[in-house]
Each structure stands twice: as C-alpha cells, then as structure tokens.
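Enquirer: Build out the structure end to end from the sequences listed, making use of the hints.
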Amino acid sequence: MNAVLQVRDLVARRGSGSGRFELRVDALDVHAGEVLAVLGPNGAGKSTLLLTMAGLEAATRGSVERITDGAVTMVFQRPIAFAGTVQHNVRIALRSQGVATDEIDRRSADALAHFGIAGLSLRRASGLSGGELRRLALARAFALEPSVLLLDEPFDDLDSEAQESLSYDLRSALERTGVGVVVVTHDLRRAVMVSDRMAVLQKGRLEQVDARQTVLEHPVSPEIARVVGMTNLIPATMEAGGQAAADASHRLPSLDARPAGRHVWAGIRPEHLKVDIGRGEGESIGKAEVIRITTDGVLTTLDLRWGEHLLRTHLVAGRGLAREVRIADTVLLSVRPQDVHILDRPRAGIQPPR
Amino acid sequence: MSALDAQGLLEITLRTLGVCLSALVISLSFGVPIGIWLGRRQFPGRRVLLGLVNSGMGAPPIVVGLVVAQLFFRSGPLGQLELWYSVEAMITAQVLIALPLVVALVVAAVAALDLDWELQVKALGIPARWRMWLLLREIRLGLLAAVIAALGGILSEVGAVMQTGGNLEGETRVLTTAILMYTRMGLFESAYALAVVLIGLMLVLAGLLTWVQHGDRT
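Protein chains in written order, with the working numbering: chain A, 1 to 354; chain B, 1001 to 1218.
Zero decoy hints are in this set.
Simulated coverage check for chain B against chain A, where a stretch passes if three residues somewhere in it have a Cβ under 8 Å from a Cβ of chain A: (1) 1115 to 1127; (2) 1130 to 1139.
Among the chain A residues that face chain B by a calculated CB cut under 10 Å, a handful are: (3) 57; (4) 79; (5) 140; (6) 146.
What the hints contain is simulated information worked out from the structure, not anything from laboratory work. Glycine included, every Cβ here is placed at the ideal spot set by N, Cα and C.
Expert: So, in structure tokens, the structure goes:
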C-alpha cells in the first residue's frame, strides 16, 4: 500500500508545569484507501496527534510528511457551521481555493448527495440537527477531495441509528474515493466497523499499530487489552503444556510457549468466552455463576464469577440461552486455546488495569 | 444671535454626520482588529487589557473631553498641531469614546465563536484573507451592534464635543452643541428643530439595525 502521510520521530509537547503533556510517535504511516482507527483513553494524545498530522499544531521535533499533493483535511469533534446555507458551507472552501465554478457545482452536489443532505442544500446550516451537521462536515471535507482525511470522534453524540447510518455512508465514501483516513474514536465498536488498521495511544505513546484483528486479538499489553475490549484479564501462572493456572482449580488452555512458573495475564475477549451448551466448541474451563445480566437489545452481557475471578461474555439478545439464563444460575464455560492471549505480568498479585 | 434657518440646520446636520462618520470609521478601523485580536488570542496581560477596555466603556465623556482638550491646548503636548477647537479635536474625543465600545462588542462577538473555530477553518485549507472574511461574516451581528453603539454614543455626545470643538459657528457647531446653545438662549423652536433631526438620525439607525437583524434571521 502507498503511504500518503508519514509521521517520523514525532515529539509534540503541550502545556507547562504539572499540565505538561508530551506526545511521542516513532513511526506511523497512513495509506491510501485505508482507515486507521486511533484508540486510547481520554488524555492519551489522540486529538494532539490529529492536529499535528493536520499541520494545525506544530511538532516540537520530528516530521509529518505528506507524500502526495492532495490536501490533508480534518473534521473536528464539534464541527462548526458557517453562516449561510448548507450548500454555501460545502462550497466556501472550494471557492476560496479558486476551484472552477462548474467543478464546485459537481463536487458539492456529489458530496451532499452522498451524505444524504442534498435535500437540505438551501437550509440554513445553523438550524441543522447534530447528525445533519456531522453529515455536512463530512460532505464539506469530501468535497475538497483530500488525500488524507482526519476525523476526530465522528460518531460522538449521535444516537445509535444515526451512528449506524453515518458509519455506513462514511465507509462507502471512503471506498469510492480511496482517501486515506485516520479516525479517532473512543467507541470500539465503531472503530472495528470502519477501520482496516488500529493504533493505540497510551499516555502520549503509540503502543501498538497493526491490522485491526491483530490488535483486537493480540494486544501487546494489558492496558491495550482493556482499550480494545479484551475485558477478561486474569492473573495466572504458566504451567507445562501451555496451561495458564488462575488458581489451584481454574485453568485456561492456550497455545503459548512461555515456560512454566512464569507470571502472566491471560486475556480472553468476551465474544470468545463461550457458555458451554454441549456443542463442543473449545475446551471446558469449568463452572461459573451468573452474577449480572445486562442487555442493549442486540447483545446480552453476562458477568460471571469463575472461582475468585470475574469474567464477561456476550450472547445474542433475545435468542436461546439469553432468554433463559437467570442471575445465580450456574453455567459451564469453554474457550478455544487460540483465543486465550497470554501477556507477561511483571510480578504476581497486581490488579488488572482499569 | 438669531433663530436657526434651514440653511443653518442643513449645515449643522451635515457637519454632525461628517464628524460622527469620520469618528466611526476611525473607531472601527482600530477597534475591529483590536477586538478580534483580543478575542482570539491568549497572552499574559490579556485580562488587564480587557479590564481597561471595559473601564473605557464607562469612562465619562466629559473627562475624555478634558484630556483631549488638554492635549490640544496651545501649551499642551500636541499644541503645535493647532487643533484646539477644531473638528479634528472633536473627532479625536469621539474616537476615544467609541473605541472601547467597539472593541468590547467585537471581543464579545468573537469570544462567542467556538474555541477551535480558526483551526477548523484552517483545516479546510481556507486561505488567510478568506478566513478573515468568514470571521467578519460570523460576527456580523456583533459588528452591527458595535456600529450602532458607537454611533449612538458619538451622535448624542455633547460634553466632550463642546470641550474640544467649542461650538464655533460655521466650524465646529454640531447638533448636540447647537441644541444646548439654543436652549440656553431660550430659542426653543430652533432647539426642537435640531432635536427632531437628531432623533430622526437615531431612528434611521435603529430602523437599519432592525432591518439587517431581521434579514439575517429569515
């Protein structure tokens, strides 16, 4: 894949005294036609990274290099609407850059239609709803035909239906234009939905950049495991044959080759932890007690007590076991060895990161 | 001293408009850039400057007139310019009265924009000249309020204008100083004629503001 933006040895310092913050990124490439999702907790430096990549904030050291001639455009978390109509908002940047009128007409009509707001063209932008404004901001950015598009929390504050439809339109616009996209979001589900690769920032450091599935299933640290939704992190000790012993009577299978006696974290994504209904998927790891049941209408989440440890798994809401299970029920659990991700644990007894 | 005739009324009205519009243009020329700068930038001492601007809004015009008159007085620091009792001195006083109003209202209008407004506009690749045009367009109602407040303050000002212009017939006499003079002389018809013109100017201004505001919302 061709890189359209390269970040090298970047250091960006902000603030002073106790409020001082430093972002460090050794190397990060944005490729044409891909979506790179940047995840991380609040204050990790996600927005600073975007602003520096956009050239809107200066780097203290290092470089952000544009490989192509195309523009780098950024859509902010709370996009502004200029005074005037929706159409004016999309056209103004093109006009300011001296784009020919017929080209402005074509690009703005395309962008407005693609994001489903062509019917609002003559409406005042100041009267748009949050979702419509988000669509306007994306249409305005796409009309510029950038080679790199930076999106800061594009789904923030939208209801789930609006998020769903906007992420669909966004993904289809990206496929159509081949623009390289960096999207910062705290919403893991949206990041998974729109991204090809994922980068995880922790305290100003870029800890992991990899293909989406690799980051989701093989996070390089327990902190990143938490960020990417590997919420089942159990302190364990390796035994012969790749078993990770959580305690004397609870063991997890794994394919890991660390030597016996090594203190580790055993990580399991909730969707990989199965409530065993006798279909033989994975290896049985014993019984657990259901201590909490929550649902969002799509997934039912079970919080389970497995010995002294707490585990979480998801079921499809409203179907099969999800309809029958009750608090205090005992269920059998199973997991495939390849779904247990082993991470080094510096010393015994420390709590999982929150 | 005789009552005011139509020729005299026209002459005073035109001079008033000339003085006031000159003061307004100068106030806006300095006040708008200063207001935008104070509204958008963070720097040490900004609060002090804003405090000075706010204090300036409440400064008694008579005191402003006194200071300007002292400046242009023959023995004053700018005495060699020979501008005491001149239209230029009146304009200077009016600028000093209007400037804090313009700056404060522009600061308020700019501060009402999103904190990252400028970054967002830059992110769209919009050049600096267009960014300024967009900014002025965004704060247009604040600018309009600044124009009206400044013009209202200048047009109705009498103390500072009297001190710096002296109400000289055919030279520095304007509507407010003329009203004061004819009232003192007991020539109430002339004073009322001037007052009607002054109020008429104010009403035209208010009507213009309402029309522009209404046009902006529909």
